[in-house]
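We have chain A; now place chain B onto it with these hints.
There are 2 protein chains.
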Amino acid sequence: MKLEEYLEKTAEDVDLELDRLFGAAPGELSKASAHLLIAGGKRLRPAVTILAADLVNKGCSREIFPAALALEVTHTFTLVHDDIMDDDSNRRGVPTVHCKWDTPTAILAGDVLYAEAFELITRSIADNLAKVLSVEILARTCVEICQGQHEDMSFEKRNDVLDYEYIDMVGKKTGKLYAAAAAIGGTLAGGNVKQTQALHDWGYFSGIAFQIQDDLIDLITPSEKSGKDQASDLSEGKQTLVAIKAREAGVDLSKFRKQNLSSEEIKEAIDMLEKAGIIDEVRKTAEDYVNRAKEMLSIFPDCDEKRLLTEITDYFITRGF
Amino acid sequence: MKLEEYLEKTAEDVDLELDRLFGAAPGELSKASAHLLIAGGKRLRPAVTILAADLVNKGCSREIFPAALALEVTHTFTLVHDDIMDDDSNRRGVPTVHCKWDTPTAILAGDVLYAEAFELITRSIADNLAKVLSVEILARTCVEICQGQHEDMSFEKRNDVLDYEYIDMVGKKTGKLYAAAAAIGGTLAGGNVKQTQALHDWGYFSGIAFQIQDDLIDLITPSEKSGKDQASDLSEGKQTLVAIKAREAGVDLSKFRKQNLSSEEIKEAIDMLEKAGIIDEVRKTAEDYVNRAKEMLSIFPDCDEKRLLTEITDYFITRGF
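Going down the list, the sequences are from chains A and B. Going by numbering that gives the first Met the number 0, the residue at position 291 of the first sequence is 290; the numbering climbs one at a time, nothing skipped. Going by numbering that gives the first Met the number 0, the residue at position 79 of the second sequence is 78; the numbering climbs one at a time, nothing skipped.
Okay, chain A solo, but in the shape it has when bound (with noise of 0.2 Å):
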């Protein structure tokens, strides 16, 4: 099966799932932990639980589906919670939960977010053990999102921060789950320790490639491709792995840190990042980190599994939005 069809269908299964255990639970503080939940997603966490598992113990995946949906949960909780932070007004086509309720509801909503996620954990159908080493994992992973989008937030009042920073800031926000969405997979499936830190590593790997991507989206893609307001990290002087490295090579960025750049501006800036040879370097960190990747799954032997989540490290890359 290619990733594209392989990935839809996984999503399909996550949609129909997450929208029967939530779709239709009473009360308003249940809709508006169910509401950006429900309203879609790429679903590649739980794509990857599955893949994990699947790849230890071929056909098991039906077994461990809620851990699988677990992670999607856990991703669901720290964006609501983010977008209290950040106060972002609009996420997944839909309006965030603070913006639609309040703060205190979106708080609540993540925290019963974050409390379903650990209970689904709990739900698969496999050894004890290993849903207790998941249920660490998946706190531990949480422990270091939050540590991540700390750190993500004081970058702001930053203007020194150093690339292996950003690497490891980035690494705990976005890596360290998609490690755990491995991991987890892996451990309930009865993988070994090995087996199941190399899928974590191939995880962390895998979301910082994926991260740096994310930022060289922001910078190049046009907004009627991503849905995004382009170069917005530029124009907020955000500390992405593209600042850090113009700011080391000399590239002064800062008359771009305004509001509205103009389609003129958003060029003029990409043409001296080119010239100066740092997007290429971002780009080269990126493939770095899915070579490194990639590498952790040699101690599986070649299957669907195998070459579908080696995949999914190369599509972290190329995507465009």
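For the record, the hints were derived by calculation from the structure and aren't laboratory data. Incorrect hints may appear among the rest.
[To be verified] Label-pair restraints from in silico Cβ distances:
1) A:2 - B:94: 47 to 55 Å
2) B:94 - A:159: 24 to 32 Å
3) A:86 - B:258: 24 to 32 Å
4) A:157 - B:99: 17 to 25 Å
5) B:161 - A:61: 44 to 52 Å
6) B:127 - A:223: 48 to 56 Å
Where is the CB? At the ideal position from N, CA and C, for every residue including glycine.
Only chain B this time, still in chain A's reference frame:
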């Protein structure tokens, strides 16, 4: 051992271990997470977990001590998030997290504690199935606490809350965490379904009695003794059991719904409520829950732990602050 001594000893153990685990972690987010947690408190929930475990399997409480901490960590996470929603500025004698830091940091600090609570459950020495069940109990409990807090906030916009709605709300907001504290202690100690259910129900009914007493304390205890504003619920027109029963009895408290009530006004309100028999009726309701709670323990043979749990229930409605 007397209850007072027992609670003091347990609080010391809890303080020591929380300080060791959270007191010295580096970084602002860790400091914000630890802030309220290590600021003290009665540590009643961990004491309940320990007593429930020793009631089921004498001497096993050292092995499940991390789970006892998990209950205190969960309680603190809810306080950190509730303080944001209610915009309270002081708690446990220190500034609240969102006041000392800011709202985004407080959201994240609560989220960190949330994950740590689940991780602490897994750190107990117990059967893996018991750990999985405990994770399930904690997760379900957290959902219910959130629902209780949401109902509590929605009651502020209503003047027609009925007593059973109030009981259901405080049952979720306060009862369920005591229920979880006892049920998790019993489960990890190897208790059977009957024992665990009895402990759960003991905690649930005790917690409801605790909250009714909390509302009475707010009304009756002078601020010199309680450290909080006296009659703040009355002044805010909060739908407590006192307010609901007063409304049902045709006692009009609307003139006390204003800021800065004088001690004469508070005395007048208390006199009115006493004359109408409201305070006795509310006390009677709390006593009913205390009796229902104690009944739940009848399946256990007499022992120190059973006596101490019974005394905790009595203490919940005899304490003056």
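Hint by hint, here is what the structure shows:
{"no.": "1", "hint": "A:2 - B:94: 47 to 55 Å", "in the structure": "51 Å, holds"}
{"no.": "2", "hint": "B:94 - A:159: 24 to 32 Å", "in the structure": "30 Å, holds"}
{"no.": "3", "hint": "A:86 - B:258: 24 to 32 Å", "in the structure": "31 Å, holds"}
{"no.": "4", "hint": "A:157 - B:99: 17 to 25 Å", "in the structure": "21 Å, holds"}
{"no.": "5", "hint": "B:161 - A:61: 44 to 52 Å", "in the structure": "45 Å, holds"}
{"no.": "6", "hint": "B:127 - A:223: 48 to 56 Å", "in the structure": "52 Å, holds"}
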